[in-house]
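Trainee: Sequence order for the protein chains is A and B. Going by our numbering, the first residue of the first sequence is number 1, and it counts up by one from there. Going by our numbering, the first residue of the second sequence is number 1, and it counts up by one from there.
Rather than coming from a laboratory, the hints here were simulated on the basis of the structure. The structure displayed is predicted, hence computed values, not measured ones. Check before you lean on any hint, since a few could be wrong.
[Unchecked claim] Below, a list of computed lysine-lysine pairs in the BS3-like style, where the Cα atoms sit at most 27 Å apart: (1) K93(B) <-> K12(A); (2) K93(B) <-> K306(B); (3) K107(B) <-> K12(A); (4) K90(B) <-> K11(A); (5) K6(B) <-> K12(A); (6) K11(A) <-> K107(B); (7) K90(B) <-> K309(B); (8) K11(A) <-> K6(B); (9) K306(B) <-> K12(A); (10) K11(A) <-> K326(B).
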Amino acid sequence: MTFADLVLLTKKIAIGIIIFLVPLLIVAGSIWFLHYLLHQNH
Amino acid sequence: MATTAKTPLQVIGRDSLISLLLYVSPIALMFAWFYLSGSKPWLHPAAEQLSFRAPAFVEAIFNNLKTWGLPAIMLVVGIVEFSVGLYENKWTKNERILDVVCFILPKLVLRPMIAYFGLQLLPLVLPNAKDAFVWVPFWWAFAIMAVADDLTQYWYHRLHHQLPLLWRFHRTHHSAPYMGMAMTGRQNIIYTMFFSQIYLTVTLTYFGLGYAALFVGGIKSLITTAAHSSIKWDKPFYTIRWLHPVGWVMERLISTPATHHAHHADTTDDGIGNYKGNFGNMFFIWDLIFGTGIITRQYPAAYGLKHYKEEEWYAQLLWPIFKSKKEGSELAKNGPEVGDEVPVEEDRVEVPQAAIVARAATA
Chain A
1 MTFADLVLLT KKIAIGIIIF LVPLLIVAGS IWFLHYLLHQ NH
Chain B
1 MATTAKTPLQ VIGRDSLISL LLYVSPIALM FAWFYLSGSK PWLHPAAEQL
51 SFRAPAFVEA IFNNLKTWGL PAIMLVVGIV EFSVGLYENK WTKNERILDV
101 VCFILPKLVL RPMIAYFGLQ LLPLVLPNAK DAFVWVPFWW AFAIMAVADD
151 LTQYWYHRLH HQLPLLWRFH RTHHSAPYMG MAMTGRQNII YTMFFSQIYL
201 TVTLTYFGLG YAALFVGGIK SLITTAAHSS IKWDKPFYTI RWLHPVGWVM
251 ERLISTPATH HAHHADTTDD GIGNYKGNFG NMFFIWDLIF GTGIITRQYP
301 AAYGLKHYKE EEWYAQLLWP IFKSKKEGSE LAKNGPEVGD EVPVEEDRVE
351 VPQAAIVARA ATA
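The whole structure should be built from the sequences, with the hints applied where relevant.
Mentor: The structure is reproduced here in structure tokens:
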């Protein structure tokens, strides 16, 4: 393993985390926000 | 009037925005339904949770599928495939070791990682979020989980093809010159360990959508495994007239051997192979929405990579920790990032197979 390999691994893991976090924020955030809106208005 | 083609990153950006709508759509529909029907399931979460319960035997099937069931199915089907000669003479010792290790190792490595993530890390980071969405009715949870899990895997998979820096982590899955159970789980271990959709599903399970996730996971596993099989079980849907309507819907909705084998083809020149697309895992419809899919109802003549050098199984499994000794290999020390961008014969330049960033805009 070289330093370049470590950089590559870091980038790969970072992209993986983004692909995990973005949908999580969209899905969980949407459910929370729409629930909040509907709960507040009723 | 001349039109300017979008750059690959523009295409990815546009498709990401479409994805945002796709992720939100089942959730928006669910709340529209609550609004129109006056339903407020969050006021009675326990009752809603119990409003749907699958029959005990169905639940048992899916629970077992998650543990020993799917590996057992793969083993039996794999033996059938091998026995009837579907691997031809291409399952060499090196391929066999790689396939068997890839079949066993994730079960030893990935399961403890997921257990740690779900049982230790999430309660530590989000202590108040446990079962926060347990009130979501089953069928809505099923739709939300199906879209969230499979669309996330579509993106994980697609970016490993379209971003050259990621390609070598996914290459092992495409190096097999055959299709079948033997190569279904064949992946570089780092690709498998950081499967984004697994962590997403575990987190949404922690949030209370776990019962639906059990069924989505089971159905998805069956579809993706069946799509990799060398048994062309979908053929009757294209050849028997009265099955045509079912086949038409099926090949657009889910991955089939025809559409997924095309993704594993070693060429696009025959009009059948489409290794630059057909990225869908459970649902094929993502490929239709994003324009990355081709439906041919035919099967490629050859699978794998034109520039495959039969790299050592340990290099394919553990690159970049271990490198290949094969000269010019993508997995060798100082090897090219994308092997098929390098001319392999004196007068012939191969069509790039994997790094399709530069061409994705025209796809």
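Trainee: Taking the hints in turn, state whether each one holds.
Mentor: Now the hints, each set against the structure:
{"no.": "1", "hint": "K93(B) <-> K12(A)", "in the structure": "violated (30 Å)"}
{"no.": "2", "hint": "K93(B) <-> K306(B)", "in the structure": "holds (20 Å)"}
{"no.": "3", "hint": "K107(B) <-> K12(A)", "in the structure": "holds (22 Å)"}
{"no.": "4", "hint": "K90(B) <-> K11(A)", "in the structure": "violated (34 Å)"}
{"no.": "5", "hint": "K6(B) <-> K12(A)", "in the structure": "holds (25 Å)"}
{"no.": "6", "hint": "K11(A) <-> K107(B)", "in the structure": "holds (25 Å)"}
{"no.": "7", "hint": "K90(B) <-> K309(B)", "in the structure": "holds (13 Å)"}
{"no.": "8", "hint": "K11(A) <-> K6(B)", "in the structure": "holds (25 Å)"}
{"no.": "9", "hint": "K306(B) <-> K12(A)", "in the structure": "holds (25 Å)"}
{"no.": "10", "hint": "K11(A) <-> K326(B)", "in the structure": "holds (26 Å)"}
In summary, the numbered hints that this structure violates are 1 and 4.
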